[in-house]
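Since the structure of chain A is already known, use the hints to place chain B on it.
Residues per chain are reported as follows:
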Amino acid sequence: MTQTLIEALRRRSERHPKRTALLCGERRVTHGELLGRVETVALHLVERGVRPGDRVLLDAPSVPAFVFAYFATHLAGGIVVPVDPGAPQSRREELSRRVNPVLALTAEALAALEELPPRQGGLPAPKPDAVADLIFTTGTTGRPKGVPLTHRNQATAASHINAVIGTREGDVDLIPIPLYHAFGLGSLRCFLIGGASVVLVQGFRLPGEIFTALESHRATGLIGVPAGFAVLLRFEERGLGAFAERLRYIEIGSAPMPLEHKQALMRLLPQTEIFMHYGLTEAARSAFIEFHRDRDRLDTAGRASPGVTIEARDESGAPCPAGTPGMLWTHGAHVSPGYWDDAELSAATFVDGWMRTGDYGHVDPAGYVVLHGRHDDLINVGGAKVAPDEVEQVLAEHPAVSEAGCVGVPDPRGIAGQVVRAFLVAAADQPPASDTELSRWAARQLEQHKVPSQYEWVAALPRTASGKLIRAALRAQKAVKA
Amino acid sequence: MNDFQRALRAALVAQFGADPASLDDDTKLFSGGLIDSLSVMDLVTFVERELGKRVPPADIILDNFDSIAQIVAFARTLGGARQDS
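Protein chains in written order, with the working numbering: chain A, 1 to 482; chain B, 1001 to 1085.
Keep in mind the hints are simulated off the structure, nothing from the lab. Bear in mind that the values here come from a model prediction, so they are computed numbers and not experimental data. Hints may be right or wrong, so weigh each one.
Stated by the list, open to error - The calculated lysine-lysine pairs, modelled on BS3-like cross-linking and capped at a C-alpha distance of 30 Å, are: (1) A/Lys262 with A/Lys385; (2) A/Lys262 with A/Lys127; (3) B/Lys1028 with B/Lys1053; (4) A/Lys468 with A/Lys385; (5) A/Lys262 with B/Lys1053; (6) A/Lys385 with B/Lys1028.
Extracted from the complex, chain A is given alone in its bound form:
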């Protein structure tokens, strides 16, 4: 089996140089051109000082040059650190402090890479156990966790995922998820090595862009998060239903999907394979379900992916009997080797190639994984994780607020899964702040999905004797009314 994606891309370029690799607006990039740009940019990066193990920030939108720079960094031996170009400057500075990058590739830098004259390659493929990407994902305390993924992790996972989904040459796959997001980036890798053409669009901004791209590129595959599909579903037959004959499959991930949305997708797309994965940045796509085949098990996350084992374990780490709930652990060549700059968290999470996921659930005798919930307080807004501590800290800095506690509550629109609800204690002798003012305050320091959409003023927040916030009580609306 291929041990690195660079080798797979080289083979594909040799065999099918004229086939389409990327589509973005009017632009088409063949596999031959893709590899040519990757080799050229890699040599340039080496000349700019990128050495094996060096970190390169990739801080740009989903354009073809993002893909060139991504694989070129790998070929140069570097580690890609994807950054949301919309992230606040403070987040970017924190990441820079933690990873000490040799280079930051922004949209402007990527445009300059497009101008480089073509050069012949010759750089050796990276070593399979070298780190390819360092993905930062929200941690429970608000300090993002750095998740390294090796070339072997990625190549193994891609090959397994393609086996499940059946990606094949001639497929045209639409990736509306940003490439800085692990789901978008993972799909890019899978589709390219599977021989599909990848259509890049700028996020699930507005649904017309998705429908137009599906139509104009005659797409056969679409990925997305449940919140995105919730928006598309509102168009019913005249939306996704119009593509029922052509869409061979869709893949959903990153957050739970309500049962009625699963059933609506099945009704609109009766011939389309509808896959949903369960996974984490640290162990991508650990399980899959296909809705039509498993129509009686839509309450589950499906079964473990090929080469992956999932077990429920008790508090001592011993496997639970089938059907008995416990902490879910996962094992396989897709599991990250351990967190960046956090040995303590790594030791608590990764044990002998297994990862303690933080999710509770059980595995039934037929191997279906049933999720019961998370053991922590992370909020999932449309697939983007929010650590409540971070939001609370920002709100508590507002002059009108003395204390804040945040929890996830169901999105009343039925779209994003959860939204952030903030419970606030007023500061003494300060004029009150409106919800709009608080949202503006939060939006100045936080990404949009972290900004609360609901506020409630309370006399006091529920706390333990030691002063720790009891978020479970907030979730149960047990805060003392102001």
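Here is chain B on its own, set in the frame of chain A:
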């Protein structure tokens, strides 16, 4: 300003929390972060109700919906009950 434009502006303030003081015809609604893109259907539903016309799904793009001016211009292409008054 026609009836549709007035109603749209009022809805953006009342339903979507826009600040009336800083909302002008060219304020970027989605790309400026004023409206969460997941709420686009609420805006589309408002437009459809006001105009008595259905918005084709492929037309729900930033070029048509990212500001009051763009929505009003798009509404003219749809025709409908209120946009010419």
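Results of checking the hints against the structure:
no., hint, verdict
1, A/Lys262 with A/Lys385, "holds (22 Å)"
2, A/Lys262 with A/Lys127, "violated (41 Å)"
3, B/Lys1028 with B/Lys1053, "holds (24 Å)"
4, A/Lys468 with A/Lys385, "holds (22 Å)"
5, A/Lys262 with B/Lys1053, "holds (29 Å)"
6, A/Lys385 with B/Lys1028, "holds (26 Å)"
Checked against the numbered hints above, the structure violates only hint 2.
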